[in-house]
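Could you slot chain B onto chain A? The hints should help.
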Amino acid sequence: MEIDPLIFRLSIFILSIFVGYYVVWSVTPSLHTPLMSVTNAISSVIIVGAIIAGLSGNSESIFNTSSIFGFLAIALAAINIFGGFLVTQRMLAMYKKKKKEK
Amino acid sequence: MISANLSAIFYLISGVLFILALRGLSSPETSRQGNLFGILGMIIAVTVTFLSIGNFSTGFIFVLIFILLGGSIGAFIAYRIPMTAMPELVAGFHSLVGLAAVFVAISAFLNPEAFNLGTKGNIKLGSLIEMSIGAAVGAITFSGSIIAFLKLQGIMSGSPIVFKGQHPLNAIILISIVVLIYLLCASQSSNLFWVLLAVSFLIGFLLIIPIGGADMPVVISMLNSYSGWAAAGIGFTLENTALIITGALVGSSGAILSYIMCKGMNRSFFNVILGGFGATDSSSSSVNKEQRPVKSGNADDAAFLMKNASSVIIVPGYGMAVAQAQHALREMVDTLKKNDIKVSYAIHPVAGRMPGHMNVLLAEANVPYDEVFELEEINNDFANADVAFVIGANDVTNPVAKTDPQSPIYGMPVLDVEKCKSVLFVKRSLSPGYAGIDNDLFYKENTLMLFADAKKMTEDITKNL
Chain A
562 MEIDPLIFRL SIFILSIFVG YYVVWSVTPS LHTPLMSVTN AISSVIIVGA IIAGLSGNSE
622 SIFNTSSIFG FLAIALAAIN IFGGFLVTQR MLAMYKKKKK EK
Chain B
81 MISANLSAIF YLISGVLFIL ALRGLSSPET SRQGNLFGIL GMIIAVTVTF LSIGNFSTGF
141 IFVLIFILLG GSIGAFIAYR IPMTAMPELV AGFHSLVGLA AVFVAISAFL NPEAFNLGTK
201 GNIKLGSLIE MSIGAAVGAI TFSGSIIAFL KLQGIMSGSP IVFKGQHPLN AIILISIVVL
261 IYLLCASQSS NLFWVLLAVS FLIGFLLIIP IGGADMPVVI SMLNSYSGWA AAGIGFTLEN
321 TALIITGALV GSSGAILSYI MCKGMNRSFF NVILGGFGAT DSSSSSVNKE QRPVKSGNAD
381 DAAFLMKNAS SVIIVPGYGM AVAQAQHALR EMVDTLKKND IKVSYAIHPV AGRMPGHMNV
441 LLAEANVPYD EVFELEEINN DFANADVAFV IGANDVTNPV AKTDPQSPIY GMPVLDVEKC
501 KSVLFVKRSL SPGYAGIDND LFYKENTLML FADAKKMTED ITKNL
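So the sequences go chain by chain: A and B.
Residues 562 to 663 in my numbering are what the first sequence spells out, letter by letter.
Residues 81 to 545 in my numbering are what the second sequence spells out, letter by letter.
In short, the hints are calculated from the structure, not lab data.
For glycine and all other residues, C-beta sits at the position ideal for the given N, C-alpha and C.
Don't take every hint at face value.
Simulated coverage check for chain B against chain A, where a stretch passes if three residues somewhere in it have a Cβ under 8 Å from a Cβ of chain A [claimed, not checked]:
1. 94 to 102
2. 138 to 152
3. 160 to 173
4. 176 to 188
5. 450 to 462
Short derived list, chain B residues pointing at chain A, Cβ under 10 Å [stated by the list, open to error]:
6. P108
7. R112
8. N115
9. I133
10. T317
11. N320
12. I336
Chain B extracted, bound-state conformation:
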């Protein structure tokens, strides 16, 4: 058994190691080392916890069994999961953090003696407040992440679910959570604790259902943030520095990612959270329904255009992930490079279903990361490029965002694809994108539409090169 002071120092060390783990992600070279720091921090935290309890009885064996059980499930998932399913995986993992926070809070509430928080029915006031906040946020994270997971997995429709009185209802529930926490602290009643948990689960569910599929990058980041705050709440209850530091890190990390994602769509955080985007846009898209001519082509035409180009910019989007076209795409690019054509990739901040989604998929397909550029880095290059190859992206290339103040996506930063000499647009049909608006790019003089499955089209082009 080690002293409380010594273990507090070790928890501090593991907190610092977690900071270094995030710091490592500032560049791909240092990132692997960063991950090792994170693992080391976790080992220290767990070991110190064992030593500080010092109870190596039968219970200890069960702890190890459960760690091994969970660990092998986790390891199995980590090795088997395809990279395209990363958003679902992360959403699923968030739900587990949330649920774990809830379980720890329940356990502490039922047996406060074990945590030095007072006695049952007479828990220290401060601890009870921290515990109930941690539990409520954990429960919201859990049910919210489950909905996000179901939407990403396609088990639940990605379209927003809206009903009348939704916002007032949510507001009432949120207020009632605050009231319940107050009453719980005043009465220490376990019934109120269960009601608090139930209501928190419910609001997590209600908060996420009105948010559409393509807004998932914001939702996942936001739930990431929540899982951090839940951990911090429990950290305060347990008076554990490692948990408090980590909770704050994760909380602010998720908040920053949500901010970046919202900025990438030029929408306010509240606009996204209140939801319903893309569901009520039928009126605005029907205004512009007259048939405009489009030029469509086949793989042969596309191959001809690219063969005669000297530089090509690839614009991937969620459609590439759906079609699993990243490997076929890289093969096409390899062929282009053999013909001395310069190729780079342009990634919009909200391409895909989570922050950095496209980068991971391209990395998986062995695309070197120094050929992949962010919007600001590459946007000026479109004017000098010969061909833009848009694969699975749509709204993020729509010039309407720059020209039409009436458009719902007006002001959103977009890739200046139309400035290229010619644009190849791989798409299954002319249907509008997620935002429900027509893409002007389809009708431009220099655009050639390639109507096909992204993967098949890319393979066909490679054959024709």
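Just chain A, same shape as in the assembly:
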């Protein structure tokens, strides 16, 4: 008997929760704000779904109700991706070590 692919996805999901658990506990508390902004950015990988949705129209009509929702989702996710990564970059650039005593 074959195993339902859903079970494989569920396995990936459960294992990722554990990976996330251990990785996030090792994040230093002073970087918790960048952690939130970067998780924000990466969760916008939902854009892959939005792209599929946006391109779901056929060649005669690019825009139908379904693809319009797709395009809107693309824009929203793109705000998050660019905004999330760039603001994280901006924050992380500010964390500096003490300069050597003169």
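Frame of chain A; chain B shown alone:
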């Protein structure tokens, strides 16, 4: 067009890169590299999606236009946003993830053929369940984050909004969401799908309104977690590994942050979520209303105390963010350091309006991160320090949490500020903090209250040093 197997491998790679992005945050040195891993993972995921569709028609141009449109808005916001507004920004971004999840789910529901999920009105059962869970969680994330954003921005009052029958109402709505998902799967009716979305938006709104402003660190972390679960739900629908991995990572990340924040307040998660904290405390604070003497001083006195100290610990809180005093504070510390005074910063886990809020503000003001310490690292040092400079913090320094079992904050871990030889407390008035309780520290023999705006007071002290 690349094969489904090949694209699945690339999605896996981008999932791994996202794990490395979070891993990088274990220290500030590796964090910048981590962020680049994250960006790389995103580029791979988007590119592979294009290649796997292989449809480079006019629609493709529109996809690029919308990416550029959203991207430039995002980049503009990222460069313009002041660091003090970071909690609002993150809440706003969460709402976008939630809404994007809802839109993708709507699109998949209306046109399941494009996603290989069956045909309209006859969507595969498993996909429909995943889709409706993703959509419901996304909608809750969206409306909840909007409320959090409005509260943080001050457009909506930060005080909890409570009414009679609130909890039973929420419980009924949550149960009805489960029932609706069941009915939706049984009937495939699009009307039920819209009702499900509407009800989910409503519950997101209702869940956050009773939670007070200072509990926002928990709320933001929790919504962070929700946005992850929503993404994972959509990931299952689309059978996309990158989304499933990311959703799980973000989901557990937000859950851990909520846990840390709750622990920092010694409150259970449910206590925070059920809300109303700080709204009904008038009775407990009025018990202790007799006037007690306080010593107040001016910038000159404070400068004198600090000049004669050999070590100073700074305790920043949300008030520092409100007054935008972080730069003035760092200038004051520079002057102190020139006089060979040892200065360190003590940060309580729930200081500010989001996890790590104070650390970012201090980093922005060029405070080196190795002078900034967490509660456990520095709490024993207060006994040996000469001066504690409390700027914009209140409840997190209240010794009542250690002494009075009747107090609502009893048991909360607090900074042992009172053990310092002297305490300088910058505050605008004697009003109690968010928890609505008097701070015993105000009346201690060795406390000098500095009644002024945090920024102005810090600047005045620097002048007097």
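Given B:N115 as an interface hint, is the shortest Cβ-Cβ distance to chain A below 10 Å? Holds - the Cβ of B:N115 comes within 10 Å of chain A, reaching about 5 Å at its closest.
How about B:I133: closest beta carbon in chain A under 10 Å, or not? Holds - the Cβ of B:I133 comes within 10 Å of chain A, reaching about 5 Å at its closest.
Examine the region 138 to 152 of chain B for residues whose CB is less than 8 Å from any CB of chain A, and state whether their number is three or more. holds (count 12)
Taking a Cβ-Cβ distance under 8 Å as contact, does the region 160 to 173 of chain B have three or more residues in contact with chain A? Coverage by chain A holds here, the residue count being 6 at a Cβ distance below 8 Å.
Within the region 450 to 462 of chain B, is the number of residues with a Cβ closer than 8 Å to a Cβ of chain A three or more? With 4 residues closer than 8 Å to chain A, the region 450 to 462 of chain B meets the three-residue bar; holds.
Under 10 Å, Cβ to Cβ, is where B:R112 needs to be relative to chain A, so tell me if that hint holds or is violated. The hint holds - B:R112 has a Cβ within 10 Å of chain A, the shortest such distance being about 5 Å.
For the region 94 to 102 of chain B, do three or more residues have a beta carbon lying closer than 8 Å to a beta carbon of chain A? Coverage by chain A holds for the region 94 to 102 of chain B (6 residues, Cβ < 8 Å).
If you take the shortest Cβ to Cβ gap from B:I336 to chain A, is it below 10 Å? holds (5 Å)
Holds or violated: B:P108 as interface residue toward chain A, Cβ cutoff 10 Å? At about 4 Å, which falls below the 10 Å cut-off, the nearest Cβ of chain A leaves the hint on B:P108 intact, so it holds.
Hold the hint about B:T317 up to the distance rule: shortest CB distance to chain A must be less than 10 Å. B:T317 check passes; min Cβ-Cβ to chain A is 8 Å, inside 10 Å.
Given coverage of the region 176 to 188 of chain B by chain A, tested with a Cβ cutoff of 8 Å and a minimum of 3 residues: holds (count 10)
Quick check on B:N320 please, does its C-beta sit within 10 Å of some C-beta on chain A? holds (6 Å)
Checked against the numbered hints listed earlier, the structure breaks none of them; every hint is satisfied.
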